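Here are the chains, one letter per residue:
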Amino acid sequence: MKPPEGAPNVLVVLIDDAGFGNPGAFGGPIDTPNYDRIAADGLRYNRFHVTAMCSPTRAALLTGRNHHAVGMGGIPEASGGFPGYSAMLPKDAAPFPKVLKENGYSTAAVGKWHLTPEKEQGPAGPFDHWPNAWGFDYYWGFLAPEAGQFDTMIAENQKFIGVQEGKDGKPFYFPEAMTDQAIDWLHGVRGHESEKPWCLYYSTGCSHAPHHVWKEWAEKYKGRFDQGWDELREETFERQKTLGVVPADAILTPRDELMPAWDSLDENGKRVFARQMEVYAGYSENADHHVGRLLDSIEEMGELDDTIVIWIWGDNGASLEGTPTGSFNEGTMVNGLPLTNEEQMRLALKWGGLEAWSTEMMYPHYSTAWAWAGNTPFRWGKQVASHLGGTRNPLVVRCPQRIADSGGLRSQFTHVTDIGPTILDMVGIPQPTHVDGVEQQPMSGVSFAGSLEDSNAPERHTQQYFENFGNRAMYKDGWWLSMRMPRIPWRLDPELLKKFAPGVWKPDEDPVELYYLPDDFSQATDLSASHPEKVKELQRLFWEEAEKYNVKPLLAGFSPFFGILPPLGSQTTVTYHGDVQNVAPGAVPRVYNHSYTISADLQIPDGGAEGVIVAKASHLGGFSLFVQDGKLKHTYAFLGVFEYHQESEGELPTGDVNVELTFAADEAKPATPGEVTLFVNGEPVGSGRLDHTVPFGFSGYAGMDVGRDNGLVVDRSYADKAPFAFTGKVKKVVFDVAPHLDDKDEHALHEHASQADTVRGIRA
Amino acid sequence: MSDTEFDVAIAAYLIPDLAQNEFDALVKLVEDDQLEVEGVALVTSDADGTVAVKETGDHLGRKGLEIGGGVGLVVGLFAPPLLAATIVGGAVGGVVGKFAKHRVESGLEEKMGAALPPGSAGIVAIYDRAKTDTVNTTLASAVRKSVAHVDRGGAKELKAALAEAQAGMGG
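Sequences listed follow chains A and B, in order.
All the letters of the first sequence, read from the start, carry residue numbers 1 to 764 under this note's numbering.
All the letters of the second sequence, read from the start, carry residue numbers 1 to 171 under this note's numbering.
Any given hint could be a false lead.
Stated by the list, open to error - Negatives, chain B to chain A, calculated, CB over 10 Å:
(1) Glu-5
(2) Gln-20
(3) Lys-28
(4) Thr-134
(5) His-149
(6) Glu-164
Claimed, not checked - When the alpha-carbon atoms are kept at most 20 Å apart in a straight line, the in silico SDA-like pairs for lysine to any residue are as follows:
(7) Lys-215(A) <-> Ser-141(B)
(8) Lys-631(A) <-> Asn-681(A)
(9) Lys-215(A) <-> Thr-50(B)
(10) Lys-215(A) <-> Thr-137(B)
(11) Lys-552(A) <-> Glu-537(A)
(12) Lys-145(B) <-> Asn-341(A)
(13) Lys-270(A) <-> Thr-137(B)
(14) Lys-222(A) <-> Asp-17(B)
(15) Lys-145(B) <-> Thr-242(A)
(16) Lys-270(A) <-> Ser-141(B)
(17) Lys-270(A) <-> Gly-49(B)
(18) Lys-220(A) <-> Asp-46(B)
(19) Lys-721(A) <-> Gln-164(A)
(20) Lys-215(A) <-> Gly-166(A)
(21) Lys-270(A) <-> Thr-50(B)
(22) Lys-270(A) <-> Asp-17(B)
(23) Lys-669(A) <-> Leu-337(A)
(24) Lys-145(B) <-> Ala-664(A)
(25) Lys-220(A) <-> His-149(B)
(26) Lys-145(B) <-> Glu-343(A)
(27) Lys-270(A) <-> Gln-20(B)
(28) Lys-222(A) <-> Arg-271(A)
(29) Lys-669(A) <-> Asp-493(A)
(30) Lys-145(B) <-> Gly-269(A)
(31) Lys-476(A) <-> Ser-528(A)
(32) Lys-732(A) <-> Pro-653(A)
(33) Lys-222(A) <-> Ala-140(B)
These aren't lab readings, by the way, just hints derived from the structure by calculation.
Just so we're clear, the structure is a prediction, and the values are computed from it rather than from any experiment.
We treat Cβ as the ideally placed atom computed from N, Cα and C, and that holds for glycine.
Kindly produce the complete structure, drawing on both the sequences and the hints.
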């Protein structure tokens with residue numbers, strides 16, 4: 001199959017967890033020279049919308065369909081039994097990269113993925129939902145919702161290849177590495193086929209937590225946020241007006257009382273919070289820099305003007321999930337461990353102080369209030385699909401052949417589902433009616449290609465529903481009905497969610513706000529009281545759309561909180577033969593909230609051995625069973641807050657040796673304390689208590705390894721020997737994760753584990 | 001030694017200039033006779049993690065820049081090999097002299113280094129126990145603070161108090 005004559009290349013760039021008011025091209029405080037460059041050569045779209053959540057936006061972007069219609073109303077960590085929330089790409093919704101591929105394009109995706117059900121992320125597959133199956137010839141990146149940028153667990157095509165080494169003596173850094181991979185792929189394609197067009201989906205892990213960046217990038221912003229979030233919003237708003245991305249008559253919306261006024265903070269707090277934003281800004285600019293490298297490379301190949309560049313700054317609004325304090329370790333929030341400002345500062349000091357805020361020693365996320373400032377001029381942010389802070393993000397498009405007024409602005413209402421139809425329209429490939437013999441759902445988005453040439457092109461996307469985890473909106477012909485469920489985005493505890501259970505929560509009784517966006521860019525003036533009929537009309541329309549696109553049942557993504565659980569896994573014993581590495585987080589045996597044992601058969605040579613037997617994740621949450629100084633040792637890292645250590649009294653014997661760790665939980669309940677006992681050849685040799693255990697998960701991205709501790713290590717005492725590979729032989733490791741549970745306990749823990757998956761995923 | 005009972009406090013800061021401000025405030029209290037100290041030191045950890053005594057104050061509220069003549073007791077404890085000559089030569093109080101002669105090697109510098117990551121700062125102070133509230137109020141920006149009583153006696157006792165305070169900085 002040959003592509004249409006003169007078919008252009010396609011580059012789609014997606015930044016993660018960022019807001020309308022972040023990049024300089026949209027008035028934000030972050031220097032984004034390459035985003036500015038594409039905006040200057042192309043167009044800025046200031047009424048472009050996403051879904052308010054990660055995976056839903058990505059699914060809508062790649063398929064051109066509404067997220068629920070392709071099973072991605074929720075996130076892959078909590079895929080369940082409802083069609084709109086299955087996380088299973090249906091066969092009748094071929095993504096546009098697949099359509100391009102089958103019409104003569106070479107296709108690749110690099111970077112963050114987050115569209116594969118977590119349970120399928122292993123060598124046994126299935127691979128129907130991995131990137132290759134979505135239409136990409138080549139994939140390199142991470143499947144997880146987020147990842148450490150210095151110790152990213154990489155997947156290539158259909159295999160995890162683990163944490164990679166840096167190049168040229170430099171440490172590994174994901175933004176740099178993914179860009180190198182993208183450039184290498186382009187060079188390879190062009191070397192092989194001189195004319196074949198390509199489509200590259202470049203999806204950064206930035207600026208999602210952890211905010212990891214080289215120090216010099218953060219240092220550049222030193223002092224630039226000392227004025228605080230309240231003033232930053234005002235400054236950004238003025239720049240936005242000057243640039244014209246916000247109309248002159250727009251109103252800056254007020255701060256919600258959930259976020260503290262900057263002036264209410266003490267000096268210590270101000271300085272710590274300012275550092276959080278300095279790091280975020282440097283991290284974001286670094287992402288812009290690497291996209292710039294990619295653009296330069298395409299330009300050097302002489303193909304930039306033959307490439308459609310579509311660059312979306314944020315798959316949802318900036319993330320509010322840092323809670324008002326921000327955190328040295330996002331994992332504390334994921335695991336429901338609230339920390340005060342003072343506690344956060346003490347723990348930041350423990351892990352290296354503010355100098356380390358951007359490093360692998362922490363897993364930083366900034367304060368909710370910085371995210372709010374990043375979403376200027378709107379209210380709310382990520383997760384909140386009812387408001388523009390969660391759903392309206394910057395878009396720039398470059399296509400010299402189609403754009404006469406470079407540097408211009410477009411204000412047509414556009415949506416992420418429009419990207420696929422627009423690309424197919426621009427390259428001259430019709431939307432297929434059948435793919436692989438399967439009749440296709442029509443794309444719900446519409447092409448906005450006409451607006452490239454004509455700033456006054458009629459608005460084609462006139463109606464759109466929004467829904468994410470219960471927050472809803474209905475847009476039609478300029479009117480926007482906001483239906484925010486009364487839930488704080490960063491609160492996900494079971495008790496709080498009870499009031500949203502089926503039969504308890506009545507969505508139509510939620511407070512509503514009505515805005516007329518052509519006159520009210522920022523959603524500042526609520527017209528619901530004066531237009532009750534419009535409210536009812538849009539409420540009715542929402543339910544019609546909900547029916548049509550599998551949005552119902554609302555909150556299906558929260559179903560584990562309402563007693564609707566996925567099937568209980570039957571495998572309670574997991575055996576790893578040899579040095580199995582890079583076990584994905586979702587495939588790690590469940591060692592949470594109940595008793596378990598880990599048994600290992602070792603061969604220890606004469607003279608002894610040292611190294612890791614099995615380890616999961618890092619010092620910010622994880623466990624490691626290892627041999628050091630001849631002794632069997634166990635370290636349990638409780639989210640960077642506490643560390644628990646046990647060790648054998650004597651040295652291990654040589655020869656064939658069995659070692660075992662048992663954790664006897666006090667109760668089968670979340671975060672249960674319990675007693676660890678170490679055994680050697682069946683004899684107890686050491687013990688100790690875990691006063692706290694991790695209830696949800698150690699890490700959203702870091703893997704488990706047998707025979708070594710890849711990436712960041714769990715116990716810093718062997719960091720200088722990382723990955724501290726075992727110098728004897730680990731013959732096998734056996735996890736028994738369901739000992740001594742009765743049916744009631746088993747059900748309760750399964751329910752909790754399912755809820756945990758939801759919580760981890762929703763923050764992605 | 002006077003009849004005053006002393007506590008030793010170790011305070012760690014994420015922001016060095018806030019530590020400086022509060023160090024200055026402590027010294028001012030001494031100058032104004034509102035607080036009695038046996039010594040106070042401002043310790044910084046630079047970007048490379050090198051821990052150094054930046055400034056000191058003595059029981060008279062006299063500040064010494066770097067390793068100056070007005071070195072107080074805590075500095076003697078903090079880096080005795082480096083400062084011994086200064087301390088012995090300085091006309092500081094009897095307690096200081098006593099401890100200095102003992103050349104207390106508390107290992108505090110090393111320990112303090114562990115407690116002070118690069119880019120942070122700390123204050124070590126030995127002060128009149130009756131003014132604990134005043135000191136606490138003054139050291140408001142410290143993100144970790146640990147206090148131990150100094151038992152009457154010699155170097156061994158003071159060293160034990162410092163070790164106790166240091167232990168409180170862990171975790």
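Indices of hints not satisfied (ascending): As far as the earlier hints go, 7, 10, 15, 17, 21, 24, 25, 33 are violated by this structure, in ascending order.
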